[in-house]
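Number of protein chains: 2
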Amino acid sequence: MTETVLHSATKTAIIGFNQPFCVIGERINPTGRKKLAAEMMAGDFSTVTADALAQVAAGALVLDVNAGVTAVDPNLTEPPLLAKTIELVQSLVDVPLSIDSSVPAALAAGLAVAKGRPLVNSVTGEEDRLETILPLVKKYNVPVVAISNDETGISYDPDVRFAVAKKIVERAADHGIKAADIVIDPLVMPIGALNSAGAQVFRLVRRLREELKVNTTCGASNISFGIPNRRVMNAHFLSMAAAIGMTSAIMNPLHKEDMDAIRAANTLNGFDPDCMAWLRANRDPAAAGEGAGGRRRGRRGAGDAGAVARSE
Amino acid sequence: MTETVLHSATKTAIIGFNQPFCVIGERINPTGRKKLAAEMMAGDFSTVTADALAQVAAGALVLDVNAGVTAVDPNLTEPPLLAKTIELVQSLVDVPLSIDSSVPAALAAGLAVAKGRPLVNSVTGEEDRLETILPLVKKYNVPVVAISNDETGISYDPDVRFAVAKKIVERAADHGIKAADIVIDPLVMPIGALNSAGAQVFRLVRRLREELKVNTTCGASNISFGIPNRRVMNAHFLSMAAAIGMTSAIMNPLHKEDMDAIRAANTLNGFDPDCMAWLRANRDPAAAGEGAGGRRRGRRGAGDAGAVARSE
Numbered sequence: 000m001t002e003t004v005l006h007s008a009t010k011t012a013i014i015g016f017n018q019p020f021c022v023i024g025e026r027i028n029p030t031g032r033k034k035l036a037a038e039m040m041a042g043d044f045s046t047v048t049a050d051a052l053a054q055v056a057a058g059a060l061v062l063d064v065n066a067g068v069t070a071v072d073p074n075l076t077e078p079p080l081l082a083k084t085i086e087l088v089q090s091l092v093d094v095p096l097s098i099d100s101s102v103p104a105a106l107a108a109g110l111a112v113a114k115g116r117p118l119v120n121s122v123t124g125e126e127d128r129l130e131t132i133l134p135l136v137k138k139y140n141v142p143v144v145a146i147s148n149d150e151t152g153i154s155y156d157p158d159v160r161f162a163v164a165k166k167i168v169e170r171a172a173d174h175g176i177k178a179a180d181i182v183i184d185p186l187v188m189p190i191g192a193l194n195s196a197g198a199q200v201f202r203l204v205r206r207l208r209e210e211l212k213v214n215t216t217c218g219a220s221n222i223s224f225g226i227p228n229r230r231v232m233n234a235h236f237l238s239m240a241a242a243i244g245m246t247s248a249i250m251n252p253l254h255k256e257d258m259d260a261i262r263a264a265n266t267l268n269g270f271d272p273d274c275m276a277w278l279r280a281n282r283d284p285a286a287a288g289e290g291a292g293g294r295r296r297g298r299r300g301a302g303d304a305g306a307v308a309r310s311e
Numbered sequence: 000m001t002e003t004v005l006h007s008a009t010k011t012a013i014i015g016f017n018q019p020f021c022v023i024g025e026r027i028n029p030t031g032r033k034k035l036a037a038e039m040m041a042g043d044f045s046t047v048t049a050d051a052l053a054q055v056a057a058g059a060l061v062l063d064v065n066a067g068v069t070a071v072d073p074n075l076t077e078p079p080l081l082a083k084t085i086e087l088v089q090s091l092v093d094v095p096l097s098i099d100s101s102v103p104a105a106l107a108a109g110l111a112v113a114k115g116r117p118l119v120n121s122v123t124g125e126e127d128r129l130e131t132i133l134p135l136v137k138k139y140n141v142p143v144v145a146i147s148n149d150e151t152g153i154s155y156d157p158d159v160r161f162a163v164a165k166k167i168v169e170r171a172a173d174h175g176i177k178a179a180d181i182v183i184d185p186l187v188m189p190i191g192a193l194n195s196a197g198a199q200v201f202r203l204v205r206r207l208r209e210e211l212k213v214n215t216t217c218g219a220s221n222i223s224f225g226i227p228n229r230r231v232m233n234a235h236f237l238s239m240a241a242a243i244g245m246t247s248a249i250m251n252p253l254h255k256e257d258m259d260a261i262r263a264a265n266t267l268n269g270f271d272p273d274c275m276a277w278l279r280a281n282r283d284p285a286a287a288g289e290g291a292g293g294r295r296r297g298r299r300g301a302g303d304a305g306a307v308a309r310s311e
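Those protein sequences? They're chains Z and B, same order as listed.
For the first sequence, numbering that gives the first Met the number 0 assigns the number 0 to the initial residue and increments by one for each residue that follows.
For the second sequence, numbering that gives the first Met the number 0 assigns the number 0 to the initial residue and increments by one for each residue that follows.
None of these hints come from the bench; they were simulated from the model.
Since we're looking at a predicted model, the values are computed, not measured.
Some hints could be false.
Same chains, same names: a pair is fine if it fits in one copy or spans any two.
Derived pair list, reagent style SDA-like, types lysine to any residue, alpha-carbon separation capped at 20 Å [as the list claims (entries may be wrong)]:
#1 K165 <-> R206
#2 K165 <-> V71
#3 K255 <-> R230
#4 K212 <-> E38
#5 K114 <-> R32
#6 K33 <-> T76
#7 K212 <-> R202
#8 K34 <-> R206
#9 K166 <-> E125
#10 K166 <-> K177
#11 K114 <-> A162
#12 K165 <-> Y155
#13 K138 <-> P103
#14 K114 <-> E150
#15 K212 <-> D273
This is chain Z alone, in the form it adopts within the complex (with noise of 0.2 Å):
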C-alpha cells in the first residue's frame, strides 16, 4: 500500500492509501491574504505565528507554509522570507511542513532550513520544472506535490490531466524519486464554472490511486469558488473524495465543517477504531440519543441495527 512519509524534527505523519485522510493545513499563505502579506513583508509574524498554533489545535497533520507575499521581484524577497517562516513555524509546532513556493530559489531555501522530511509543494509538467524541482526532490530525498498542468495550462479534459500525472511520475522515476513520494493534485475546477469538476476530480482521483498507485491531494475549496454556502459544500467534497480514495487535501482545519467531514470520513472508511476521535471530538451525550433512525429497521429480523447497537 503506497505510503508517503513525512518527518519533522520529532513527529512523522503519512499519507497513505490505509491511513486516516492527511490534512495539511493551508492558513500560512499569503496569496490572496493582502493583510498577512503586508505583515510578513514588515517583518510581524504574529498572523503566522497564530494560524500555526491554531491549525495543529484544530487537528492539521502537516502544515503548508507559503511566503509569496509578492508578484514583484519574487526570487529576491520570497527566498529568505519562506526560510525565515519555516523557521519560526519549526519553533512553534512539531507537525512536518509542506515548502510551497512556485519560486525554485525559495524551495531551495527552504529546504535548507527544514527540519525532517518536508513535503515540497510544488512541481508542475511544464519542462523547466521538471527539470529544475525534480533534482532538488532528489538531492534532499524529500516527497512533492505533482500539480497536473503543463506549458499548455490546466486542461478540461481529464484523461489530459492523467497523462501529464502520468508524465511527471515517469520523469520523477527517471531522476530517481519513487511513485510513492509524488503525490498528484489532479487539480480541482470551480463547480459553477465547470459542472463536471466534481466528477472529473473523481474519476481522476480512482485513476491515479489504482494506475499510477499514488497519493493525491487538492485545494479542496477551490470547487466552491464563486457559489453560495461553500462550507457545506467544501466539507462533502472532503468527504466524498476521501470516500473514493483522495489520500490528502490542502484545506483550512479552522472550518469546523471540513473537520467534521474529514472526521466523519476517517470514521466512516475504517480508520477511526472504536470511534475515538468521532467521541472526542463530539462530547455530546445528549446528541446520541438524537432521532429515531436508527430504529426504522427494528422489525426485520434478529440482526437488526439496534440489537447490533445493543450488543455494544
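Chain Z is fixed; fit chain B onto it per the hints.
Below, chain B without anything else, positioned relative to chain Z:
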C-alpha cells in the same frame, strides 16, 4: 445504465446510475414512533398528513409508507390500515410511493390500492419471503427493495451479504423479474458497534453496482445509532455513499443536514446542471464570497481556478 422506474398517478421517479440521488422519505412509519402508532390506531392521520406534505416540500422524490402500528396480530390490523394510509397519502401528494411492510398481506392490500408503479419494501433472502413476495411483485410488475439478510439473520461478513443479494436477484429472474427492478439494501450497521460498517457498505455498493448492475438503497440513519452528532455523521455517510455509487436512500428529508448532503452530492456527481438546484436551495449572495480558498492556487498559471471561475 440501470434504471428502476416508479410512477404515481401523475409523476415519475427514477432510481438510476445516471440520475440524481433518489430521496425516499422515511417519516410515515410508526415503527419506533409510539405517538404516531397510537394516532394511526385511533384513526388520527394528522401526523401522517403533515409528514407527507413536509417531506415532499423538503425534496423527497418518493415517500415510504409503513403502517406497522403493532406487533399484536399485524396480519389483521396492518393490511387495511396500510391501504387506508396509502390512499390518504395519494390524495395529498403526487410522488410515487414505497409500500413498506414485513406483512405480505399488507403489501398485497397496499398494491391493490396504490396508483401507478410503486416500490415494494421489502423482500429478504428468506425462502418463505422470496416465495411469497416475488410472485406478488411479478403480478403487479413493480420494483422491490431486497434486503441482504436471510434465515441466518444479518451476516457481519459483507461477502455473505453480497451472496444473499445475488441469490435474491437470481431468484427474481426465475420469477421473470429483471435486475433493474431489484433495489438492494446492503444493510447498514451502526458504526459504533462495528467499526468497518461504513467501509463494508461502500465496498458492497460498488460490487452490487459493478457486478450485479443493480440499484441500491439503505436505511441511512442506522449508521450513527448510539454515537453523538448523528446528523453530521448521517450527512457525510449519505454523500460518501452517493460518491461510491449508491443511488437512493430511505432517509429523513426533514433533516437539513441530510438534504444538504444530497444536494452537494448531486452537484459534485454532475447531476445538477448549472448548479441550479444548489443555487435555489442556497439563496445567500453573501455566502458566495465567503472564504479566500478559491484563490489560494491563483498563482499557478493561466488555467488557475480563479481564472476559470471568472470565465463563467
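Hints, one by one, checked against the model:
1. K165 <-> R206: within (11 Å within a copy, 28 Å between copies)
2. K165 <-> V71: For K165 and V71, neither the intra-copy (33 Å) nor the inter-copy (64 Å) Cα distance is at most 20 Å.
3. K255 <-> R230: Both. Shortest intra-copy (9 Å) and inter-copy (14 Å) distances satisfy the 20 Å Cα cut-off.
4. K212 <-> E38: Neither, since 41 Å and 57 Å both go past 20 Å.
5. K114 <-> R32: Neither: 27 Å inside a chain and 59 Å across chains, both beyond 20 Å.
6. K33 <-> T76: Classified as within: same-chain Cα gap 16 Å, cross-chain 70 Å, threshold 20 Å.
7. K212 <-> R202: For K212 and R202, the Cα distance is within 20 Å both inside one copy (14 Å) and across copies (19 Å).
8. K34 <-> R206: The answer is neither: 40 Å in one copy and 51 Å across copies each exceed 20 Å.
9. K166 <-> E125: within (10 Å within a copy, 53 Å between copies)
10. K166 <-> K177: Classified as within: same-chain Cα gap 13 Å, cross-chain 45 Å, threshold 20 Å.
11. K114 <-> A162: Neither way: K114 and A162 sit 33 Å apart in one copy and 52 Å across, limit 20 Å.
12. K165 <-> Y155: within (17 Å within a copy, 39 Å between copies)
13. K138 <-> P103: within (14 Å within a copy, 71 Å between copies)
14. K114 <-> E150: neither (33 Å within a copy, 60 Å between copies)
15. K212 <-> D273: neither (29 Å within a copy, 33 Å between copies)
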